[in-house]
Amino acid sequence: MFRMMPEQASEVAPKIDWLIYLITDISVFFTVLICGAMIYFAIRYRQRDGKHHETPQIKGDHLLEMVWTIVPTIICIYVAYYGVKYFYDIRHVPLDGDVVTVNVQGQKWKWDFEYDNGKKTTGEAVIPVGQHVKFVLTSRDVLHSFFVPAMRVKTDAIPGRYTYAAFKPVKTGTYQVFCTEYCGKDHSMMLAKVRVVSEAEYKTWLDDKSEELALLKMTPPERGRAAYNKHGCNACHSLDGSRLVGPSFLKAYGREGTYDSGKKYAVDHEYIRQSIYEPNAHIVDSYPPNLMPNYTDQVSAQELDDLIAFIRSLDGSAPVAAQPAAAAQPAVDLAALSPIERGKLLYQQKICVTCHSIDGSKLVGPSFKGIYGATQKHVDGSSATVDEGYIRESILQPGLKVAEGYQNMMPPYEGQLSEEQIKDISEFIKSLK
Amino acid sequence: MTSHQHAANPAQNYLNHPKGVWSWLTTTDHKRIALLYLFTILLSFFAGGVAALVMRTELMFPGHDLVSADTYNRLFTLHGVLMIFLFIVPGIPATMGNFLLPLMIGAKDVAFPRLNLLSYYIYVIGALFGVAALANPVDTGWTFYTPYSMDTGTSVVLMTAAAFILGFSSILTGLNFIVTVHKLRAPGMTWSRLPVFVWGTYATAVIQTLATPVVGITLLLLIMERLMGVGIFDPKLGGDPVLFQHMFWFYSHPVVYIMVLPAFGVVGEIIPVFSRKPLFGYRIVCLSSLAIAIIGFVVWAHHMFVAGISDTAAIYFSIITFAVAIPTAIKVFNWVSTMYKGSIRFDTPMLYAMGFVFLFLVAGTTGIYLAALAADVFYHDTYFVVAHFHYTIQGGAVIGLMAALHFWFPKMTGKMYNETVGKIAWILVFIGFNLTFIPQFGLGMEGMPRRYYDYLPEFQSMHSLSTIGAYVNAFGYSFALFNLLWAWIFSKNYAPANPYESLSLEWQTPSPPPTENFVETPIVTDWTYGYGTPLKSGAH
Amino acid sequence: MSHGLFRTEWVAGEPPDIHHMDVPTAYDAAKLGMWLFLATEILLFGGLFAAYALFHWAYPTEFHHASKELNWKIGAFNTCVLLISSFYAALSVDAAQHNNNKKVVRYLLITLGCGLIFLVVKYFEWTGKASHGLFPGTSGEHGAFNSPEFNHSYRMFFGLYYCMTGLHALHVIIGMAILAWAANLARKGRFSKRYYTPVEVGALYWHLVDLIWIYLFPLLYLVG
Amino acid sequence: MSAHHHDSHSGHGEGFHGELGHVVPYKTYLAILIWLLILTVVTVAAAQVDFGAMNAVVAMIIASIKALLVATIFMHLKFENPVTWLYALFPIVLLAILLAGLFIDNPFRTDPQHATEAAQHAANRLAVILRIG
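Residue numbers (our numbering), protein chains in the order written: chain A, 372 to 804; chain B, 198 to 737; chain C, 8 to 231; chain D, 2 to 134.
Please keep in mind that the hints were generated in silico from the structure rather than gathered at the bench.
Here a beta-carbon is modelled for each residue, glycine too, at the ideal position from N, C-alpha and C.
Each statement offered as a hint is correct.
With a straight-line cut-off of 25 Å between C-alpha atoms, the simulated DMTMM-like cross-links for lysine to aspartate or glutamate are:
| # | chain 1 | residue 1 | chain 2 | residue 2 |
| --- | --- | --- | --- | --- |
| 1 | A | Lys505 | A | Asp668 |
| 2 | A | Lys740 | A | Glu785 |
| 3 | B | Lys433 | A | Asp668 |
| 4 | A | Lys556 | B | Glu643 |
| 5 | A | Lys491 | A | Asp676 |
| 6 | A | Lys564 | B | Asp651 |
| 7 | A | Lys539 | B | Glu643 |
| 8 | A | Lys386 | B | Asp508 |
| 9 | A | Lys748 | B | Glu655 |
| 10 | A | Lys748 | A | Glu759 |
| 11 | B | Lys538 | A | Glu425 |
| 12 | A | Lys740 | B | Asp262 |
| 13 | A | Lys564 | B | Glu655 |
| 14 | A | Lys542 | A | Asp388 |
| 15 | A | Lys556 | A | Glu649 |
| 16 | A | Lys481 | B | Asp348 |
| 17 | A | Lys772 | A | Glu790 |
| 18 | B | Lys433 | A | Asp483 |
| 19 | A | Lys542 | A | Asp730 |
| 20 | A | Lys772 | A | Asp730 |
For the chain A half of the interface with chain B, some residues (derived, Cβ under 8 Å), not all of them:
| # | residue |
| --- | --- |
| 21 | Pro377 |
| 22 | Ile387 |
| 23 | Phe412 |
| 24 | Glu425 |
| 25 | Gln428 |
| 26 | Thr444 |
| 27 | Phe458 |
| 28 | Val513 |
| 29 | Leu514 |
| 30 | Arg523 |
| 31 | Gly531 |
| 32 | Gly555 |
Produce the entire structure from the sequences given, and follow the hints as far as they go.
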């Protein structure tokens with residue numbers, strides 16, 4: 372009864388599940404026993420047709436009292452022992468064996484992972500199967516909690532201190548990570564994935580410098596755009612002048628003026644550096660203060676220069692969505708691919724992937740999974756069924772129909788996608804049931 | 198009050214003499230103050246319930262349905278603060294405790310009547326501070342964990358001040374009850390003849406008086422932190438956020454015993470009366486109330502197993518937490534044994550008491566999961582914990598309050614409520630409550646964290662079930678309380694002094710009782726649970 | 008027949024007519040009530056002592072260093088002032104037990120005087136600290152109190168110092184108010200050996216205030 | 002519980018001639034005051050001597066003796082019934098429990114892997130102090 376624990380993916384999971392199911396069986400047994408006794412007494416000794424019958428004046432029974440004190444005590448000791456024993460197994464990290472250490476930084480509403488060789492990822496950690504892994508947790512702002520249900524492990528991430536969550540994965544696969552200590556507005560969105568892969572695949576992934584290589588070949592504005600997406604600036608600062616949580620970057624560089632408070636400002640290198648490292652230094656009028664997180668130990672000096680170059684490049688002259696040349700993309704014979712495959716390629720090249728997932732999870736924009744043919748509600752209350760025309764219009768002028776619960780953030784792709792490419796993309800979306 | 202005499206409803210009683218609103222507002226009669234408290238806490242119960250319903254509706258389907266994430270966070274904080282600080286902590290002690298304690302020990306009033314009125318007005322001022330905090334409702338959860346509560350822009354200072362003032366009112370009530378039980382017992386009312394409700398209220402008063410100041414200073418330090426930047430809880434200034442959790446839970450665990458101990462007392466009073474049997478193991482039931490109160494002080498860090506405390510502390514607190522389960526289990530065994538060979542009537546109070554036994558069994562056993570260290574690492578801060586503490590607080594304390602309101606309704610109002618309506622309402626409450634929180638156990642087992650505005654699609658079916666249950670539950674409570682209100686105002690069915698032939702002292706005076714409680718100070722000669730005929734072989 | 012809320016009329020030296028308690032019960036109840044209230048006060052300060060103990064353990068050298076900023080001679084003087092005031096408070100109860108209202112008034116006035124001296128000395132101490140930039144929101148030769156560069160364990164020591172001594176000073180003021188109320192009644196000859204509860208309760212509260220300072224003085228000024 | 006006469010209406014002040022509370026001779030109060038002042042001097046003297054970590058313990062012992070004197074004599078605790086004793090000692094026990102809870106947690110938190118960083122952190126803080134001191 373009540374065997375509902377998630378899959379057992381870590382070495383300690385079966386033991387914990389055994390303990391939980393042990394407590395479940397004991398609890399169900401005693402609840403049924405005692406309630407059964409109560410109901411039996413109620414029926415057996417009920418007042419028949421409203422007349423009170425004679426009852427013995429039993430005041431107590433020392434033997435019974437002793438029995439039902441000792442029996443629960445024994446059960447409690449037994450359960451407590453196993454609780455502590457398996458807690459030791461959870462917390463114990465073998466000092467001698469090769470332990471994979473991953474530094475985890477919790478920050479308002481995302482998890483950053485950093486490996487010993489300096490590789491950084493956000494929202495996903497890749498670890499080898501069969502090896503003990505130790506996630507060393509800390510937080511940059513408030514309390515968070517690193518919880519991997521499949522591994523049966525949870526520890527709070529506390530600012531100003533290191534704590535750790537350790538386990539040994541025994542099954543490959545992708546497992547959900549939750550934040551379980553309330554941390555503000557998007558506490559329920561602060562999700563991540565732990566991907567357990569084979570030893571070899573983990574090695575290649577760890578040494579895969581392709582991302583860094585690609586960056587080196589790019590020009591500073593292009594690297595700045597990559598940093599713009601990687602650090603999530605796109606969630607709050609648009610590129611086309613439209614107002615989001617923060618001011619748009621379009622034609623921002625070089626702008627001068629005075630705030631309502633009378634303080635003069637000029638958007639130059641120093642202004643941008645301060646706004647990234649001390650966000651509250653410059654608050655543009657009518658924008659809310661202390662919302663932008665502090666990026667002090669996330670945006671490196673190199674990335675700062677790239678971002679400044681990127682923002683300076685947005686002076687309205689070049690077309691907004693100057694896509695980076697797909698550098699390391701092998702020349703693929705497009706004609707040979709089916710429309711759906713071509714659509715999938717475009718989906719990655721035109722970085723729709725950063726905002727629209729294909730597995731149902733909610734990112735900056737709605738997920739494509741199962742969207743084709745469904746009726747989509749919009750922010751202004753209207754709704755329409757998603758068909759090819761709807762997709763075409765959403766690609767070219769996204770501002771017209773914004774899905775309910777989302778913000779008008781999508782940059783218009785007018786003039787960058789041919790009709791044929793749009794048809795491929797909608798075929799690809801149609802295929803995502 | 199219609200003047201025509203139906204049953205023997207004495208013309209002059211505490212309700213209709215002295216007359217006038219001013220006499221109610223400046224009353225020092227413990228019975229009137231109990232009613233003042235009753236209406237105020239039911240108001241916050243209703244408000245807290247509405248907040249809960251809005252949250253449950255939002256959680257019906259994943260994604261944005263009714264309110265934004267920010268509003269949801271403010272709603273669950275409001276639900277927590279309203280239900281805990283404003284409804285259930287004063288709940289049974291301030292209403293039923295105030296009304297019954299002097300009556301049950303044969304006293305005319307509590308030790309310090311004017312202090313009793315002062316506690317009520319401090320409670321009202323605290324509630325007003327809470328209302329003032331609604332200008333920018335707090336979004337930190339009722340636990341106000343730092344460092345989030347230190348730099349969020351919502352009105353945390355006003356809400357913590359409200360909680361501090363409400364704590365002060367709770368201290369003064371506890372203090373009043375301790376002195377009353379020590380000094381004002383009628384002649385012959387020795388400690389071994391005190392009703393089990395008085396033992397429960399006394400144990401609660403000890404916790405109220407001695408645990409509340411610690412949360413008082415913790416909230417004061419949080420206010421100092423926000424205004425002055427003292428740095429005790431601020432990691433950037435070398436402080437330790439876990440210290441806040443320690444000092445907060447040092448009060449907040451004993452407070453759950455403030456909530457549930459009076460409910461144990463109420464059930465301990467009801468089952469013997471409706472089974473016409475003495476309470477089984479009276480002395481042990483009373484001592485277990487005190488035992489729970491004492492052990493309650495040393496187990497607080499089982500709320501913090503994964504909060505970064507040391508492994509040694511976690512192991513110690515896990516083992517000592519099991520010690521709380523023993524006296525609670527003993528109580529349940531004794532209640533059920535009381536019904537053995539009884540002559541049982543199923544009036545509404547008895548239904549609530551029997552419902553309480555089942556609900557508290559589930560509450561108690563799910564507590565074992567959270568005490569076992571390895572299991573709590575998985576279950577901490579998931580919906581399993583939400584379901585557990587709703588079973589203990591709502592299944593325990595609120596059902597205990599409903600049982601008490603129904604059982605002592607004739608004594609408080611001098612009228613009888615409609616039994617069948619009461620029973621139907623009980624069924625609705627029972628089904629609604631279980632339908633709401635059994636699925637949440639399932640969600641907890643699958644690892645869904647609590648305080649989540651949006652959730653993954655696979656949790657959706659259980660959330661929808663829970664939301665339906667919430668509406669049934671809410672309707673059940675409104676139906677039950679409406680039935681009582683209706684009976685109080687319109688019913689002509691006047692109650693005799695002792696409708697359930699209880700041997701307890703408060704039933705020996707007319708209902709509703711005169712302001713002086715007893716015309717002649719009673720002399721207690723025998724145990725108040727002497728139901729049934731003595732056994733041939735002498736007292737067993 | 009509930010009374011008016013405030014009993015104004017009384018007979019000199021006679022206990023008030025409490026409708027549901029006789030005289031010895033009323034006296035015992037008042038004392039037990041006040042002892043319980045003192046228990047809550049001890050726990051209120053207990054929370055602060057626990058925080059102080061924790062950070063004293065966490066930052067021993069810094070706390071010791073920061074406590075050097077405090078002038079222990081003033082602290083010692085204040086301790087003696089409070090001890091003497093506690094002595095006279097006890098004497099005021101003794102005088103009441105001997106039906107001597109005039110002595111009660113005199114001793115209570117001496118106690119209030121000592122309390123006043125304590126507060127004045129405390130005020131100068133605080134303003135002295137503030138001028139050195141050790142008060143939140145100020146800046147001095149150690150740098151601005153609230154700026155990040157300011158040595159945070161200094162801020163924590165002085166944060167705790169102000170919380171503890173501030174809360175204690177507040178309790179001194181409350182204690183003086185209670186004693187003033189009792190002294191006023193004594194001036195009108197209210198008390199006798201059959202009724203002196205206000206003096207007893209006021210003295211108990213004042214002794215607690217002195218008790219708290221007995222612990223505060225070594226913790227803050229000497230050990231640090 | 003002594004039997005009180007039951008009639009609720011009589012038993013007012015004029016009928017009562019009993020003794021209230023305990024009278025302590027003047028000399029005892031004076032002796033206690035002198036002892037308290039002496040102990041203050043002792044505690045100040047003890048602070049000049051550097052016992053290292055024991056300083057705090059010594060100070061607390063002396064303060065506790067002074068507190069005991071004030072409580073038992075000045076506050077008449079010595080002549081009170083056991084219930085008052087219970088509620089005078091209960092908060093001290095609870096305070097001890099809170100401190101025990103804190104000190105079973107904080108000192109035992111060090112994680113072996115990160116001892117080096119913690120040491121480094123402490124060294125930095127010390128350097129800041131010396132510059133200030």
